[in-house]
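> Here is what each chain is made of, one letter per residue.
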Amino acid sequence: MSAWILFLTVFIACAVEAVEALTIVLAAGTSRSWTCALQGTAAAVGVLAATVAALGPAIGLIPLSALRLVIGALLLVFGLQWLRKAVLRGSGYKALHDEAEAYQKEVAAARAAERGGRGIITDWYAFTLSFKGVFLEGLEVVFIVVTFGNNQGDVPMAVLGAVTAVLLVAGVGAAVRVPLARVPENTLKFAVGTMLTSFGIFWSAEGTGVSWPGSDAALLGLVPAVALLALVYTVLLRRTGGPANPVIKADAASVEGSAQ
Amino acid sequence: MKWLRSFALFWYDFIVGDDWRVAVGVAVTLAVTAGLAHSGVNAWWLLPVAVAALLGASLWRVVAASRRQHQE
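If you're matching them up, the sequences are chains A and B in order.
Note that the first sequence covers residues 1 to 260 in our numbering.
Note that the second sequence covers residues 261 to 332 in our numbering.
Just chain B, with the same shape it has in the complex (with noise of 0.2 Å):
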């Protein structure tokens, strides 16, 4: 039991990394632009913009992250 859940930790680490808010936002984007697709909207650009908006959203995160750290 205890080598499935090192294992199961590895593959997360391995895919997701560091911040699952991102993985989370791909995820419910294909969602969203395969939902759009199905109902004839052409959504291609709505992947791109969202990977912006996650990117930027994470790197904040630390930053924001290194400013509570030098606070304490």
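Next up, chain A with everything else stripped away, as it sits in the complex (with noise of 0.2 Å):
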């Protein structure tokens, strides 16, 4: 894999995750104290590149067959993941992502919330949505930015990846103080479901022992095929009639679940 594609597939994870982060960051700031929502906004960023900082290396000290066997298959479930509410989400049986209608929910909440601080914290409750929020998504980008940057040796790439999204997400964010509710989160997603899945079954496969036909080569081939087999589910999904209700109830069918 190119460090170019490495860098790309960061990029886009790590875009998606934090424009999720930012309507959250904007809510507790507009709506509670915009001092307290940065606190909470550098506390989750420091702890997330700590986390990063300490497992990349550690990662990288296992032996490359059995880091891609466990990575990759970890890489794989976790993709599989977001493929599936990827193709739930464009066939209907669970609601799209909508940053505009998250932001108005988070506000209200917030602005329902008791006020109080501790210390330099002057409003705990803006600061813990900010660190939660950001954290939370973040981690999600640690995931990625581990697995791939080690699988490829080539953390650093991943990171810039990482650090490149971030910044555009937050200068974009800064510059409109609105949420980016345009950005195509849901498409981008199911790009992103798409590359994770590959990747975790190209890795994991090698792990086991088995030589892909052609070596690299044959993520050329892989990828374009997940990316179809996933758009074939969500036409026959949508040929099913569609859902019972536009979305499921979470506890009924637990189309709901982590972050993404």
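Source of the hints: derived by calculation from the structure; they are not laboratory data.
If you're wondering where the values come from, they're calculated on a predicted model, not measured in any experiment.
One should not assume that every hint holds.
[To be verified] Calculated from the model, a selection of chain A residues having no Cβ within reach of chain B, i.e. all distances over 12 Å: (1) Trp4; (2) Ser31; (3) Pro57; (4) Lys85; (5) Ala109; (6) Thr122; (7) Leu160; (8) Val163; (9) Ala174; (10) Val176; (11) Arg177; (12) Ile201.
[What the hints assert, rightly or not] Coverage of chain B stretches by chain A, computed from C-beta distances (three or more under 8 Å per stretch; other residues unrestricted): (13) 270-278; (14) 285-292; (15) 297-305; (16) 315-324.
Cβ coordinates follow ideal geometry from the N, Cα and C atoms, glycine included.
Two independent chains are provided; combine them into the complex using the hints.
What follows is the structure, given as structure tokens:
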């Protein structure tokens, strides 16, 4: 895999998560306290950076075949979650992610919450809301940076992709001060799910000891094949007549789940 | 103890997510692929086929659950 594909995959994944984190930080900042929202953001970014700094070199010590098997398997399971949700969104079985709606909900909850702080944190709610939002969205990025970076032996390039995406989204967010609802998040999530699943298949299979026909070039067939499979499933699910309700209740079908 | 349980649940939800059967299916397929590879069979095709089947089955369970919900 070229360094540019590594950069692009991490960049897209990180941009999607950064847009979601930005919505939460904006809600905390505009409805409560910008100082505390930014303090929470800085604290979360610091913890995430420390996690990459600790995990990156530690995982790099594992032998490559074992690394590819274990990390590839984790990446595959993780990627299938993204792809499954992308197909469910595309076919109407799960609500599309709407940043404007998410922002309104966060603002309403923030305004209803009690005020109060501790030490230099004058508004604990704004701090924790920002911290949790950035940390939880960022954890997925850390996972992708560490797995992709180590498997390719190029953690710095993966970090560069993540940092570029965060700076771009933060810059645009600071300029417009509204949720980035026009970013085609659902399409990007479909692309990220496809990449995570494809590379998960490739690396974990290599880790078991098999050789791909054409070696690394097999990815050129694998990525479009996974994308096509997901598109076919989306079309097939649409043809089932759609869900009984526009969005299935989370407790009825376990459609809702983790952050992505 | 409660904190440890929450921590474990968080990571379970983070990695495995909504459908544990997919994770188990991936693990079993990788074990079979490794077994075949050590027997001299280069079964590179097995995992892509299994992934297609696992994803399809997982999506079908959502469709079936939706239909059951509609009938109730």
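> Kindly indicate which numbered hints from before are broken by the structure, ordering the numbers from low to high.
Result: hints 4, 12 break, sorted rising.
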